[in-house]
Every structure is written in structure tokens, then in C-alpha cells.
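Undergrad: Quick note: the sequence shown uses the working numbering, first residue 1, plus one each step.
Hints in this document: simulated from the structure, not taken from any laboratory.
Any given hint could turn out to be false.
Once the Cα atoms are required to be at most 25 Å apart in a straight line, the calculated DSS-like pairs of lysine-lysine come out as [what the hints assert, rightly or not]:
no., residue 1, residue 2
1, K87, K330
2, K89, K355
3, K171, K87
4, K355, K175
5, K490, K330
6, K154, K89
7, K251, K233
8, K399, K193
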Amino acid sequence: MRNYEKESIFWYGLYLLAEDQELKYYINTEKELIYNLYPLVYFGISQYSLYRGEKIQEIQNQDMNEITDYIVKNLDSLYDANYKYVKVKPKRLVLQDEEFIEQVKAIVTGLLLPYINKYCFRKLSEIYHMNSTFIRKLIINFEYDINHQAVDGKLKTSSLYPFLFTINLIKIYDKSGLYQRVQKYYTREILLKKYETGREWKEKEVEYLKETHELLKNIEEWSMFLSNFSTSKWDSFTINERFKALFQLTKVTTILMKNEISSITMLANGEEVFSMLIDYWPLFLDYDRHEKLTTASREPNFKDNDNQIFVPINFQNLNIDLLIPYIKSKQERHVKIDEEILRKINIIIFKVVSKIKELIFTHEYLPKLINAQLQLRKKVYVDILDIFIEIAEDKFKPKTDAENFSENLFFITEEEVSELLETKFTKKIDYMTNQTLIRLAKTCSYLLALKKYTARTVDYNLKDLLMYILVIFGPHPIGHTFLTQETIDKVYDIFAKACQTFSENNILDYPGDEYQHFFKFFELPDKLRKWVKEI
């Protein structure tokens with residue numbers, strides 16, 4: 001296990017849930033098993049819903065054993081789908097004998113499903129601001145359906161995936177500019193060319209897409225279809241009518257995904273898609289109507305429809321509803337935080353990570369479109385954040401893929417912070433090559449560059465931003481308090497000196513590869529430091 005996994009807030013949550021000594025014993029002795037099992041159990045909930053063809057609901061006691069049996073039976077398939085493109089995979093769980101299987105089931109039923117029940121079901125009013133992030137996360141959760149295999153033996157794309165991809169691409173939750181986005185992303189000429197190239201359509205697929213193909217060939221009918229997404233028509237549509245238009249657009253999307261989907265007929269008539277995602281409609285399809293509000297508040301009103309939904313984030317290492325009680329349990333020993341600001345920074349982190357994953361992911365399907373966007377913000381995505389590299393004029397390539405980019409890249413361990421505080425910085429290059437400082441600067445840069453209101457959220461105070469990053473991504477030991485005010489002060493003093501080093505030096509004088517990340521990631525933190533200083 002990696003150190004940040006051992007220091008995760010996850011363990012505090014499990015200790016609070018453990019009802020008997022046997023479960024507490026497992027938490028202490030089977031950490032690696034529990035930690036690696038949890039993502040598969042969480043992913044298994046989505047796959048179980050596909051298996052049943054039903055929306056995900058809070059798990060009732062009488063259903064615990066059935067769901068546990070499904071997950072344990074399908075552990076290998078869950079592992080293969082969940083980590084298909086992940087480079088650094090956790091150890092595969094091998095169910096050796098009946099005794100071990102019973103132990104795994106006890107952990108799933110007694111700890112992991114209760115954890116999911118407690119933290120992964122939320123009311124709409126509590127999580128409405130995460131709607132864009134949720135669509136992106138749902139795409140990941142429902143990319144594959146392990147319950148069916150394609151003819152070639154590969155993992156089969158789920159029936160929900162093309163629809164979720166579509167509503168994410170056109171940003172369905174934002175009515176402003178909806179028509180223009182659909183018109184921009186769905187170009188007749190490109191779609192017709194895609195239809196005729198790539199893998200050969202199966203006979204049943206040709207029949208399924210017959211109306212869609214005819215629609216694309218007729219300029220007048222295509223223009224009329226696109227008008228469904230104009231403000232006047234969209235406002236007049238019921239939820240069912242909006243879904244119908246979106247489902248028709250999804251069938252068009254499958255042409256773009258032709259080579260990635262083994263058979264697009266699994267979409268059927270859309271009834272399953274509608275029923276399985278129905279709880280999310282107030283966040284996606286109907287969001288603009290809930291946003292019609294009273295006073296100066298911009299918060300949507302879900303008073304008449306404040307249902308609990310399954311949150312498509314597993315909250316294993318980032319869990320604000322555990323972090324705040326954890327901080328309170330440490331009383332005055334822990335550095336003081338503003339709870340509201342902590343929640344806002346936590347949301348910013350989720351939005352930034354999902355935005356980057358979406359950009360990398362969409363680049364695979366629509367490279368020309370994303371390249372055009374990247375060209376406009378090359379300074380951010382290439383020069384500062386180092387996410388993409390320019391391989392030719394106006395042509396970019398991601399440095400990683402969506403599956404290998406996650407918030408886990410930003411965690412800082414107790415050992416790393418302690419080593420940072422003990423390091424003697426006698427030369428400039430000591431700052432330039434310190435990996436803990438660079439990771440902290442990288443995290444600051446991602447938040448500052450991709451969400452402009454990050455600086456405003458911390459009142460343009462670099463020290464506060466660094467503190468909240470450490471509180472969220474730092475260690476959360478149960479037996480002692482590590483993130484004290486003294487620790488934060490010392491880390492910031494070193495970080496500020498690193499910013500000063502950046503300010504006083506030029507990358508041209510340090511051409512070596514080992515210095516490149518320092519000069520990329522300290523640019524924005526140093527700007528924020530200077531802004532505060534001038535005030």
C-alpha cells in the first residue's frame with residue numbers, strides 16, 4: 001500500500017461504522033484488502049443496477065446479501081473493467097478458499113456497503129452544484145456493462161454510455177448556448193463521412209440507424225431537428241420531449257463512436273436509459289427550471305423534488321462529510337479552518353479533475369474540436385499545467401489518458417511533509433528539484449488556472465490556499481494530529497521561499513529537464529503571492 005492510502009480519511013469513516021470487534025479487527029489487520037476491495041464494491045453497485053435494469057437506490061438490509069454475492073461472484077470482471085486502461089493497478093484479489101470468501105463477504109456487507117449507503121447517497125439540494133462533474137463521473141461508471149460480452153469477447157459498452165457522452169458533450173445542464181453547441185459538435189458532413197468509414201455496420205445496425213441516416217442526408221430535416229435545441233423550443237418541451245430529442249441525438253452520437261461500440265442497437269428505444277437515470281433529470285434535463293429563483297440567491301429550488309440520488313463519486317480518499325468531523329475531533333490541536341471555504345475548495349477540486357478527464361477523454365473522439373479549444377488556451381494546458389504537448393501546429397496530444405489522471409496524484413503523506421520540514425535548502429536548485437514542493441505548486445496551479453474563482457474563494461491569500469490543499473490532500477492519522485498551525489506555518493515559509501526563487505530566476509538559465517516542472521508550476525502560485533503582497 002502507498003502511504004497516502006494508509007493515511008486516508010477513509011479509515012476514520014470505517015472506524016465510525018464498525019459495529020463489532022470483528023469488523024474493527026479487519027480494519028486494523030486487512031487494510032490492503034479493504035482498500036483495494038472498496039472501488040470494486042462501489043463500481044459493482046453501478047454494474048448491479050445494469051444487471052437488474054433498475055435505477056440505483058439506497059441499499060436495504062434485505063438486499064445486502066444479494067448485492068454482496070453479485071459483487072464477489074463478479075470480482076474479476078469488475079477488476080478488468082474498472083482498471084482496463086489504468087497503468088498502475090492494485091493487486092488482483094484472488095478468492096483462495098471458502099473461509100477467505102466469507103471474510104470478504106463480511107467486509108463488504110459489514111463495512112463497505114454501509115459506507116456507500118452513508119456517504120454516496122445525497123439529496124439533490126446538497127449536490128446540485130456538482131451536476132457537470134456528475135455527468136462526467138457517470139460516463140466512467142457506466143462505460144462498460146460486465147453482464148454482457150461482445151461477440152469478440154471484449155467488454156461491452158453499456159446502454160447508458162452513449163447517452164451520457166452526448167449530454168456531457170453538449171453541456172445539457174447549461175441552456176445558454178445549447179443550440180450553438182449542438183450545431184458546432186454535430187456537423188452533417190463529418191457525420192456522413194464517419195457513417196461511411198471505419199468498421200462495417202452490422203445489418204441490424206443499418207436498420208436501427210436507417211431514420212438517423214436519412215435525417216442526416218436531408219439538409220432541411222436536419223436543420224429542423226437541430227431547432228429542437230433552440231431556446232424557444234427547449235423551453236416549451238416537457239421532460240419527456242427533451243429526452244426524446246436527446247435520445248435521437250444520441251443515435252447520431254453512436255456514429256462518432258462507431259469503432260468503439262461493438263453494436264449500437266443495445267440502445268433499443270431508450271426506455272431503459274430513461275428509467276435508470278430518472279433521478280438525475282433535475283440536475284441534467286430539467287436544471288434550468290429549478291434555477292428560476294426568488295431573491296438574489298442563485299441556488300436552485302428542489303423543495304418539491306428533493307430526492308436522494310446515488311452520487312457517482314466513491315468518496316474514498318476525498319470525503320468532506322468525513323473530513324469536517326475528523327477535524328472537529330482533533331479540537332484545538334488541528335489548524336483552524338473555515339468550513340464553508342473548505343467545502344468550496346473541495347468542490348473546486350472535483351470540478352477541476354473531472355474537467356481535465358473530460359478534455360482528455362473527448363480529445364479521443366473529437367480531436368479537431370478539442371485541438372481548437374486547446375489552441376486558445378495553450379498557455380494554460382501546455383505551458384503551465386503540462387497536460388498536453390503540441391506535436392504540430394494547432395495539433396495536441398495528451399501526456400496521459402483519462403483513466404490515469406485522478407485526484408490521487410495530489411496527495412501528500414506525513415513522511416513527505418516531515419522530510420520537507422527537515423530539508424536544508426542551501427542552494428536554489430534545492431527548491432527547484434524538491435518533488436513535494438513541486439506537487440503542492442502543481443495542485444495550486446490546477447485550481448487557479450481552471451477555476452478562476454479559486455483565488456477569490458481564499459480571499460487572494462496563497463497561504464490559505466496552501467492550507468486548504470494540505471487539509472484536503474494531506475495525511476489524516478487517527479492516533480495523532482499532524483496538520484497543526486505550526487506545521488502549516490513552516491510549510492508555507494518554505495513554499496514562499498520557493499516562489500521567491502522562481503521570481504528571481506529564469507528558465508533559460510536552467511535548461512535541464514529536472515527544472516522544467518518547477519518553472520511551470522510555480523508561475524501561478526507566485527502571481528498569487530505577489531498579489532497578496534501588493535494589497
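Undergrad: A separate judgement is required for each hint: does it hold in the structure or not?
TA: Do the hints match the structure? See the list:
For the suggested pair K87 and K330, the alpha carbons sit about 37 Å apart, so the restraint of at most 25 Å is broken. Under the criterion of a C-alpha separation no larger than 25 Å, the hint pairing K89 with K355 is consistent with the structure, at around 23 Å. With a C-alpha separation of about 30 Å, the suggested pairing of K171 with K87 is violated against the 25 Å cut-off. Straight-line distance between C-alpha atoms of K355 and K175 comes to about 19 Å, which keeps the hinted pair within the 25 Å bound.
A distance of roughly 20 Å separates the Cα atoms of K490 and K330; the hinted pair therefore holds under the 25 Å criterion. Taking the CA atoms of K154 and K89, the gap is about 19 Å. The hint holds against a cut of 25 Å. Using a Cα cut-off of 25 Å, the hinted pair K251 and K233 holds, with the two alpha carbons roughly 20 Å apart. Taking the CA atoms of K399 and K193, the gap is near 29 Å; set against the 25 Å cutoff, the hint is violated.
Of the numbered hints given earlier, the model fails hints 1, 3, 8; all others are met.
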